[in-house]
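Trainee: Here is how the chains run, residue by residue.
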Amino acid sequence: MTLTYEEFAEVQLGNMLRYAVMLCGDPHLAQDLVQETMVRVQLNWRKVARADAPERYVRRMITNQYLDWRRGSWLRRVLLRAEPDEAAKVVPVDHAQATADRDQIWSWLARLPKAQRAALVLRYYEDLPDAEIAEILGCAVGTVRSSISRALATLRAELVETYP
Amino acid sequence: MIEDQLRATFERHETLAPPTAPLREAIDRVVVRRRRKRRLTNRLASATLAVVAAVAMPFALRDAVDQPFTGETFLPGGATVADRPLTVAVLGVDNDGGRSYRADTVLLAHVPAGSHTAYLVSLSSDLLVEIPDRGRARLGESFYFGSERHGAGPDLAAGAKLTADTITATTGLRVDATVTVRYSGLRAVTDALGGVEICVERPVTSRHTGRVFPAGCQRLDGKGMVDLLRQRYGLPHGAYDRDANGRAFVRALIGTEIRDPVRLARVAQAASAGIDVAGAGISTPQLLSIAAGVDAVKSVDIGSNFRGVTIGRVSYQRLDPALSTPVFAAIKENRLTEWAEANPQSVR
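These protein sequence lines are chains A and B, in that order.
Under full-length UniProt numbering, the very last position in the first sequence is 164; numbers go up by exactly one each time.
Under full-length UniProt numbering, the very last position in the second sequence is 348; numbers go up by exactly one each time.
Each hint can be trusted.
Some chain B residues flagged as far from chain A (calculated, every beta-carbon gap over 12 Å):
1. Ala152
2. Arg211
3. Leu323
4. Glu341
Derived coverage of chain B by chain A (criterion: at least 3 residues anywhere in the stretch with Cβ under 8 Å from a Cβ of chain A; other residues may be distant):
5. 6-18
6. 24-34
Computed beta-carbon distance windows for the label pairs:
7. A:Ala157 to B:Ala8: 18 to 24 Å
8. B:Ala8 to A:Leu67: 23 to 29 Å
9. A:Asn44 to B:Arg335: 38 to 44 Å
10. A:Leu43 to B:Ala322: 50 to 56 Å
11. B:Ser184 to A:Leu43: 38 to 44 Å
In case anyone wonders, no lab produced these hints; they're calculated from the structure.
For every residue, glycine included, the Cβ atom is placed at its ideal position computed from N, Cα and C.
Isolated chain A (complex conformation):
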């Protein structure tokens, strides 16, 4: 039984979209990222289906696309779109202080280098073991660990600075 593109999209598209949102921090960018990747997935479906785990293969495609995204255009689009959307959807005015803190973290994530953010998403959102993260990012396990610890250090520093 070979997996068809339709079956794959039915089950995985939602997961891929959520993953892309965590990477990009912005629903529009995430949509663009997933659309572009899934178009390629569908056009080359036979190759994707031959992979041991198509889902992991596609996740890797999305990650690569995210990491390769040209900085210029990416930044431009973030400036054009990201801030108002987040404000409108995620930070209702009357939320508790705890919520505001978490959204603070969300905005700090946007300032991390892309590879560090991807490593954080894979470990703390997708809950993947370091070996698998290394495979998706195409780097050594040691690199994964050091990116994560560096990213966490940055976030901690921000936290201390904001709430001393």
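Once you've looked at the hints, dock chain B against the given chain A.
Mentor: Chain B alone, transformed into the frame defined by chain A:
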């Protein structure tokens, strides 16, 4: 601690994910668009290669008599299929430095109705023929008699027409179109490709320019390529070696990948400027669309037993009716595909 906050942040922002249904539709729409575009590009590529192949074929098949064509698949597949049988005469012409043109190569390319395979039948330019209203001659000379104009430049279209009529008179086959290829066409295509790397077995010294082409592989521009491919005298086996170089050129052309659409367009333009296509009831775009539909090229052997004859100190080749008549009959009755299946020994 920060880890838990991170997890919570991610989870909380899951609601940002857009709905999947509209995205799926958008993906499918883009896929359809890209597939269409891809097909179009492929079709353009194959039409261009068909033209390039038409330019190259005369050189490949110059002496199909001695060295039957290997029948490699040469034109990538397109979509169009001829709804009627089509026979095209490809004429490779050279003016040998003067102003009169002769056909060095006469090749019939036949595509049966509904087929994706082109069958090539080559006729010797030394074939003894009766030119309508003119009498006995070599087939290659019919182009000269047709194109020669006293006090004016040669009329290539008339040369092609008379050659086509002569082919019809000799073989009984209707010729739907002629493709006349000059060395200039070859040169333009080579230049549009940015030069072609050709590998020759033995060194060649040009009688025309004095240039020496060493044995082995070299990248030549259009001018150099034409110079090399014209050389016949001074080679150990004369025309035979020239034809071997011609085939080397074809191999080089086939090996040249044209992926860049800009270059592709340039090659197409060069090819269309360097070759003349004339049809009876068929337009060049129609011809190209049929050529683009061809995905295999086979060579039909009608002449490995060519028997020479000398009349008035001029030697001619003659057809072997035992070999040629069944092929011509099959072409005429649009059953060449079946004939080729039944006679695999004659098809390569």
